[in-house]
Structures are given as structure tokens and as C-alpha cells.
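Q: In order, the protein sequences belong to chains V and L. Taking our numbering, the leading residue of the first sequence gets 1, the next gets one more, and so forth. Taking our numbering, the leading residue of the second sequence gets 1, the next gets one more, and so forth.
Be aware that one or more of the hints could be misleading.
Stated by the list, open to error - Quick list of the computed label-pair ranges, beta carbon to beta carbon:
id, chain 1, residue 1, chain 2, residue 2, range
1, V, 260, L, 88, 19 to 25 Å
2, L, 242, V, 120, 44 to 50 Å
3, L, 19, V, 260, 50 to 56 Å
The set of hints was computed from the structure by calculation and includes no laboratory data. Virtual Cβ for every residue (Gly too), placed ideally from N, Cα, C.
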Amino acid sequence: MNKLDPNVLFARIVSDIPAELHEYLFVTGSLAAAYHFQAQLEGRAVNTKDADLVVHPAGNVTSCRGMAEKLLGTGWVRTEDCYPRRTPQPEDELRAIRLYPPNSDDYFIEFLNLPDRDQQTPKRWHPIELSDGWYGLPSFRFMALTSVGRLRSDVGLEYAAPPMMALSNLLSHPEVGRTRIESGAMKGTLRSAKDLGRVLALAVLAGRDETAAWTEQWLAGLKQCFPDEWKLLAAQAGRGLRELLGDEAALDEARGTTDIGLLSGRNTTSQQLRIAGERLLVDVIEPLEQAAS
Amino acid sequence: MDEIDDKWWNTEFRPGSRQDGVDHVSRDGRIAVEVRKGLRSLRDFDAEILQLARAMDKNSSIQQACLVLVSPTLSLERIRHEWATLRRVVSQEFRKRLSIVALTREGPWVEPDEPFFRRIANVFEGVTQGRAQDRVVRMKSPESRKFYEAVKILLVRWLRHEEPIAIGSLAEGVGCSYPTIRSSLRRLEQDRYIQRHSNRTVELTRFPTKAWEELLALDRQLRQPIRFIDASGDKPNPIGLIERLQRMRPSGIALGGVLAARHWHQTFDLHGTPRVDLVAHAPDAVVDLKFVKRLDPALKIVDDTTTSATLVIRPLVRNANLFESMGSEMPVADPVETTLDLSELGLTQQASKLLAHFRKEVRLS
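Turn these sequences into a full structure, and let the hints guide you.
A: Structure representation (C-alpha cells):
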């Protein structure tokens, strides 16, 4: 994994992507978190080459096609695992659009799409046809939450607010499950341990005083994105986290992911992660559950 | 299994029969509860799980089974690890239907952590012995406690220039019988610390130096401090804890130590707040520490007195708490408890000044 300064990476993305596209994009994932918490990370670089860019508004496949074509026309190139399929079906065999900037492989961008309000499946692939064939634009059911309360970086590009990334991850994993990551540096790790580990890392970096304000933001986000289901979702937001905290092995896997991720170099122990999780339960999730009951 | 004296429990559950194959069954027959005290080995743990699986298999009306481990010898970490291992080999269907409540010396563990099973945990916490930050702690009661509580009540009144107290009221405040209070007063009389009045009231006549020195020497046995450290890895944040306490205002808890000293003496001479000292009113020698987990799950009990504590709670085992009400804020412990806290913190000069603030004639060596 490369280490990149999140400030530098934001500036690079802004400079590499034509300005007229910026308003349709925001950054999410570890890069957004590392950018937001750069003071807490004390200048430590971020262990990623992956800049997750969300194309909005929801269902904006046409825009995404236009963006991808435009970038490819200005010197961006596909990553090794980004190649076309001849048909739009089956959707889960479509490859995501991942592009290196012109003349560099320091980082790559990956396009994601906001889900439609009625999406019930955890992940859905939208076929998207480029000049050489079919690709996929993934949309995750709870990713809509990351578009709520977006923050603007110093270089103008928007990014997802950490509390909303945390909620999106929590809801995506109502149980620890058995699904493991199939590729990359975290291959073999429980998917839920990585994503729920991210929640714990965000809580650690935000600190207890800041996370105490998350309940209100979560409630507002849930009501906005899921007006008919917000109570049900609020009631189950903590389920996966509680299971993770009760599962030593899974929690240790989560610690492993944070060790090479946002909490790199902090020597955070599983016990400290558990405490961060218990604080989140007491301060944020239980009040959320009460608000929904 | 002991009879369980809990209204909710007895409404919800009945004792299991031989046919049920478990200790307790919910009155609708859908939930089975097996209780195991003092579990010693992982093999026993596995056997208990197997027994519940059999019970569920045998009785199709049982939808959910709960294993309650009371004071297991095994550590919480080993239990959690074993359960995580078992979860991987049992069917998903069975995993969903089995719950575990472990009341360990490190604290309770409820899996899944849902209100119904937390309620079961609360019921069985009454059965446990020992201490943990999120359960009820029963204090030991040294025989001399009544005497020293009488001394402290009299001393608070003397420091605050209050009227003599009726002997009956003093006995009531301490929570002891009339003969016991008479015996305590005789002991103080021998050292000429008290004056009795014709209307059966009594008061201190001077600072009870000898009893005070005994109080300091016996402080740990008498007040049995429960010490907590911050295990989060963050820098301890006493101010943050105080702010949360002021929002929570847990019942029967008062601020002590430096915080209370600042209330009693506006120009109290100490910058910063080294730790949070609390006094827990425990007239029946039982301290409910559940609020600590809500205050901060990072707070863990330590027995090692050489480790700097972030929070110290001292049970006050007497009827009269003498807390100073602060309106919408947390109450404050009385000046005597406050001074004892300062002394235990090593702030002997400040402790002496605090007493002198109330009574100029008091000079501690």
C-alpha cells in the first residue's frame, strides 16, 4: 500500500479532474476520513491509493458515463482490474470504473453511485456503457447517508461527513456474518470487521465529545434518506457493532484493519477499540434507539 | 438454583421441570434459561451449550435459549473467545436462537446485547458476589464503622456550628440502635470530646484529634474506595467526566474531593482537578455502580492502589448522607468526607486549611 498525504491527494484530484465535473462528485471512504481528521492523524499519511468518488445525485448514470468518457479522453487510464464486458448482464460480473490520472499511478479513482430511495439490496450494480463495452456503477443501499451534511475541503471538493460514513457502515452490517474480502491488502478479512472497524476508528479519531453530537445528525440523516423506514433502521443500527464487540476474534480482525488504516501507528489495542464501541453504544446508539422507540 | 426474588423474573418465568431439561422456562414456553454457577472449564461451557441445543431440539416450542453464567471461574475473554469459536461451527439458525449472559468478575457480558437479556443479567446480578463496575457492590462492614460514622456526623455539625443533635437522631443518622450509639458516645466521653445536654442532645466540644487520626489510619478499611482507571488509551479527562455527571445526576451520588472542597472553600488552593472523587450513599451497604458504565465505559476497576485512578467512589454506609444540595447540579459531600478525600489524595495541607476554614482552632499536624 502507498502512503499519501490526504491534503496533497485532494489537491491532486481537484487539479486532475476537470473543474466542471466537481459539482457532481464528493469523496468518501478512508481518504475523506483521513482528510477530515488530519489534525488527529498528526501528519501521518493515509494507507491508500483508492479515492472513492461518489457521483450524485442518485441514479446519475448518464452523468457518470459522460464523466468517465471525458476523463478517458483527457489521458486518464483504466486500472488493471477495470476492463469492459461485452454485455450488461450478469450485472455482478461488471467491473467498476477505476481510473489512474494522466501520467501517474500514485492513486486511482473509483466511481460509486448514490442508491435510489427504493433500493433494498445491500449492493446493486448499474450497467454503464462506455465506448469499449459495459462497466458497472455500484450503489450501496446506505450510501445515500454519506451525501447528507457533506463538508467542503479547502480545495473546494466536497467530502462525506465522518458521522454519516460511520452510520452508513453500521447499517450495512447488521451482523458480523462470514463474508470475507476477496482481494487487496485486506484479503481474507471479514468484510464486517473492516467496515465496523472503520466506524470504531472514526469514533476514536472524533473523540467522545464530538461523537456525542452524532445522534442528532444520524436521526436527521435517517429521516431524510429513509422517511418510511427510519425507525426500523435506527432500532437496528447497533446490532452488528454489538455482535462485533462480543466476538473477540472478529474484533481482533477489526483491530488489524484499523492498524493498517486510519489508526496506523497509534498502537490501538482491541480493548481500546471495544471501549470506543461501548462509548458509541452508550452515547449515540442507545439514544438513537430510544428516539426510534 | 436459589429462589430468585425479582418481581419481573417471577412474572416472566417459572422453574423448569425435568421434562423441560432446563432450569427456567418463560411462562409462554418460548424461552429456556439454563443457569450455571462457577463454571470452571471450556469443556463445561461447551457441555452447557450442547444441553441447551438438545432442549431446543427436543421441545419445538422453545424459540430462544439463554445460558446464564454466574460468577464463572473462567475469564470473560476466554468465554467470549470460546463462544466466537463455537459460533463458527454451529448452524446460523442455532446461533440466532442462543443468548449468553455471563456475570464475570470483569463485569457482565450479554450476547446479543438486547434489553430483554440485559434485564435477565440484572436479575442474576443479585445472585453474584464480588465486584465489577457495572453491578451492585456489597460492602464489608467493620464492627467499628458505627462509631466512626457517629464521629463524622458530630464533626460535620461541629464544623458547621450547628445545634447539638438529639441522641435518637444521631442513632437514626448512623443507622444503629440506641445501645450502640450510647456505647459510641461513652467512648468519646472518655476522651472528653463531647458534651451532653439535659434535653438528651449531644455535641462535640472540640476537634476529636484522636478519632480523626484513627479515621485517617483506617480510611481504606472504613471507606473502602472503589478505584477506576481510564482504559481507553486517551489522556484521562476528569473535567469531561464531571460535565457528564452533571448531566446524568446519578441518584445517591455526590461530588467529593477537590470538587467538593472548591464548593466549601471558595479560595481552595489547588489548580486543576487531579481526579474525580465521588461519595455513594449506601445506607444498606450496597452500592449500585451501573451508572459508571454510562458515565464512561472506559472506566475499569483496579485494585492496585499504586496506579493513578481517574475516578474514586467511596460508599457512605449510614442513613444520613449529609449531602449539600446544589439545586439543579450534583450534590456535594459533607466537609468531613471531603477532607478525608483530600487527605487520601495526599493533599494534607489543603485538608488542614479546609478544616481551619470552618473552625480556625483546628490545626492538623
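Q: Taking the hints in turn, state whether each one holds.
A: Evaluated hints:
1. For residue 260/V and residue 88/L, the Cβ-Cβ distance of about 24 Å falls inside the hinted range of 19 to 25 Å, so the restraint holds.
2. Hint check: residue 242/L to residue 120/V, Cβ distance near 46 Å, so the stated range 44 to 50 Å holds.
3. Checked against the hint of 50 to 56 Å, the C-beta distance between residue 19/L and residue 260/V comes to roughly 54 Å, which is consistent with it.
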